[in-house]
Amino acid sequence: MAHVGPGLRSRAALGPGLTWSLAALLPLAFLGVFFAWPVLAIVALGLGEDGALPVLARADTWDLVGFTLGQAAAATLLALVTGMPVAFLLARCRVRGAGVVRAAVMVPFVLPTVVVGLAFRALWPDGGVLPIVLANAFFNVAVVARTVGGLWARVDRRAEDAARALGASRVRAFTSVVLPSLAPAIGSAASVVFLFCATSFGVVLVLGGARHRTLETEIYLRTVQLFDLSGAAALSLVQFAAVIAVLVIGGLARRKREKALPLRIEPPRRPAGGERGVVVAAWLVVSALLTPVVGLLVRSLATEDGWSFAGYAALAGTGERGTLAVSGLDAALNSVRTATDATVVALLVGVTSAVVLVGLRRHRSWFAETLDTALMLPLGVSAVTLGFGYLITMDALPGDFRTSPLLVPLAQALVVTPLIVRIVLPVLRAVDERLRQAAATLGASPWRVWREVDFPLASRSLLAAAGFGFVVALGEFGATSFLARPDAPTLPVVIARLMSRPGELNSQMAYAACALLMVVTTVAVLVIERLRVPSGGEF
Amino acid sequence: MSLRVNGLSVRYGDVTAVSDVDLGIADGEVVALLGPSGCGKSTLLRAVAGLEPVGSGVVSWDGVDLAGTPVHRRGFGLVFQDGQLFPHRDVAGNVAFGLRMHRVEREAREKRVAELLELVGLAGYRKRRVTELSGGEQQRVALARALAPRPKLLLLDEPLSALDRALREQLAVDLARLLRETGATALVVTHDHDEAFTLADRVAVMRAGRIVQVGVPTEVWQRPADVETARFLGCGKVLPASVARALVGVDARVGLRSTALRVDPDGTIEAEVLERVHRRDHVRLLVRLDGEEFEAVAPVAEPPSPGDRVTLSVDHDGVAVIG
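First to last, the sequence lines map onto chains A and B.
So for the first sequence, the working numbering puts the first residue at 1; every next one is plus one.
So for the second sequence, the working numbering puts the first residue at 540; every next one is plus one.
Worth flagging that the hints you see were computed from the coordinates, not collected in a lab.
Note that the Cβ used here is the ideal one computed from N, Cα and C, for glycine as well.
Do not rely on the hints blindly, as some may be mistaken.
What the hints assert, rightly or not - Partial pick of chain A residues on the chain B-facing surface, computed with a CB cut under 10 Å: (1) Thr61; (2) Leu435; (3) Thr441; (4) Pro446; (5) Glu452; (6) Val453; (7) Pro456; (8) Ser461.
Claimed, not checked - Far from chain A, some chain B residues (derived; all Cβ distances over 12 Å): (9) Asp621; (10) Ser700; (11) Ala705; (12) Gly754; (13) Glu758; (14) Glu814.
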């Protein structure tokens, strides 16, 4: 019978890889149509016949690159240093107010960038490099705290205890045992934060002025103000190359580090000894993060005539002298609707991608590596480029897609999907492969294995990813500002418009809208925290 | 109702983990795959389960090639070394898992779960969290879980290795009884020959990806196929035929286990004690005999001390004829 076997066998051996590749079609199609096509179209349009060389040959292009990467590196470092104590507090400590901290660090992450830029300019009226770095780090402490904290909660305490018993000081045990085991999460967080900082738009525009420009703001200026499409396209290419380089380096660092961990949550303890210092540091970080937030809340209530709810009351209307096409409340409702759609799309694409990547790990291939990296690319592409790309390509799709209300959710989903992948993937990868194999030998089909094993074990992180995605979509500004129809703006778009128009009521209303956005975010985060089964009792 | 493995090879890149293996398991038979760690025995078991892509060769059940049958349709139960219980389900939920996958009605399911928990000695553990169980209890649940859907073949991958010794020996006896009572057809992977001989009707010794010997336990124990197998099965000393004839009276190449030479006042072999170690139920000695070092055992009461001269006799249970 050996001679009839080979054909069948090779197909069976090929089968799993092929199935996973087919499942990868959904994320690939999504990325292809709503990301690669518009971006490539705008680049092709811009490059025209001249090509990118003239721009690349200029010295100031490389100054731009240097400043972009330099400020991003500084902000990433700052976010890491300040995020680690918070991660420790969230993962390891049983202290009052941990839930508040968890919610509080999330708020900056979802604030509209324009608003944060304004808040920092209130402190540094002339702008400059320092406020840019501070503002970029301010946004991203949450990414570090949550990504690292998620892994930290699962790292076995006994390794640390063993190091201590062998004579290591607390600090030494941390640097030699805990830090290496956190490396995958730190690497993952660092690469995401770096991408966010390198492509940050709103804050650099507000705080940098004409002196400090990054690739992202330069692309915007050339496109919108100088109509220099070919220059903008060349810069887009440079940005793209830099982003891919960062992703590849991050991918190499991450590779093989995400290993199976017990899905046990270490019960948090009361901090002791030097740990109290870390907790104090974490609280200081949280206080620092809340300062601009509180400042905004105060501004939303303070008018020239004393305290007032005028800004909030005005949200029911369309602003001073009809600045807006719709009322603030309509914009808020539209925001929620759009963010919900975006979250659903991003979950579908992101979770499929994560499942495919986990499935493909056994057949480790260039395909899996490429998909992993490709999924991160949208984080690194200028929202401006993307927005313009949509405008010139989407009318080729059936049903007058360019004016479709789906356009904004799709663009937001593109921003949110990489985050969802990064949250869900480490948890799925940490599920012991043999657990799935045990289920399979008991008669569970691959789909059933996912439903019975992966899904329940990852349910909490799926929930967290959904919540995270929702609030990010809610605060998304770059692409939304380009694509939202005038009669259906989101809250951040409304805020930016109100800020750019004169009238005290307008700015009052803008601050009130910011407060509203922060409240929605905080509530969403608190709900996610509440839905979690108390730690320790879960598994 | 039988498993056949013909000319099976499994490769990881350039490494051949399993090389041209032939093995059969008859209905109701328990076969142990015995070998040192890294010899490919777990890979072979996983290939049978359908978890490892087969390089060449055939795994068949009742003459039907299983190449096109995915893991979940093979109906083979699998028990891992460390249980791999579903952490989000309680004991009953774990045991019932396979029954649910096979769409067994709720009532029949609960009856079967109770029956199996009774069988593995965990009646009353239904609602317990699996994370609260001891290692031994977890393995019992894992076994009950694998047995619940009445698998055609039970695959056990080092089922007792993660347990401490007392528990391991107890559970080995329980497991042997269980396999007999349920009439299970089973393939057990282990590196522990005690375990293999306790559990199995036949033992297949594996080394460097190949099966080097298959036989009933006593045969494998008494007549290892080659020197390396003899050493793996505890023969610390290998004697050529000429020496064996003089010392133990066997005209063949033999392997001596530590129990082959016993301190015996009526013995005929004289030796000098070099070292002494106390074990649970005997004393182990290192002795010099004709200028060569040998292992020997002495009773716990009044053991000889290093430097003493003793007389030894041969215990033929400790002598294995090689080849």
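Hint by hint, here is what the structure shows:
1. Annotation: A/Thr61 was flagged as interfacial toward chain B, and the flag is violated, the nearest CB pair being 45 Å apart, outside 10 Å.
2. Proximity of A/Leu435 to chain B holds as hinted, the smallest CB-CB distance being about 5 Å (cut-off 10 Å).
3. At its closest, the beta carbon of A/Thr441 sits 4 Å from a beta carbon of chain B; the interface hint therefore holds under the 10 Å criterion.
4. Because the smallest distance between the Cβ of A/Pro446 and any Cβ of chain B comes to about 8 Å, under 10 Å, the interface hint for this residue holds.
5. About 7 Å separates the beta-carbon of A/Glu452 from the nearest beta-carbon of chain B, less than 10 Å, and the hint is met.
6. Interface restraint check: A/Val453 against chain B, minimum CB-CB distance 7 Å, threshold 10 Å, status holds.
7. At a threshold of 10 Å, the smallest CB-CB gap from A/Pro456 to chain B is about 5 Å, leaving the interface hint in force.
8. Interface hint at A/Ser461: violated, since its Cβ lies 13 Å from the closest Cβ of chain B, which is beyond the 10 Å cut-off.
9. Chain A draws B/Asp621 into its interface by the beta-carbon criterion, the shortest separation being 8 Å against a cut-off of 12 Å.
10. The claim that B/Ser700 is not at the interface with chain A holds, since no C-beta of that chain comes within 12 Å of its own (minimum 14 Å).
11. Annotated as non-interface, B/Ala705 keeps its C-beta farther than 12 Å from every C-beta of chain A; the closest such distance is 24 Å.
12. For B/Gly754, the requirement that its beta carbon stay farther than 12 Å from each beta carbon of chain A is met, with the minimum near 26 Å.
13. No Cβ of chain A comes within 12 Å of the Cβ of B/Glu758; the nearest lies about 30 Å off, and the non-interface call holds.
14. Chain A leaves B/Glu814 outside its interface by the beta-carbon criterion, the shortest separation being 32 Å against a cut-off of 12 Å.
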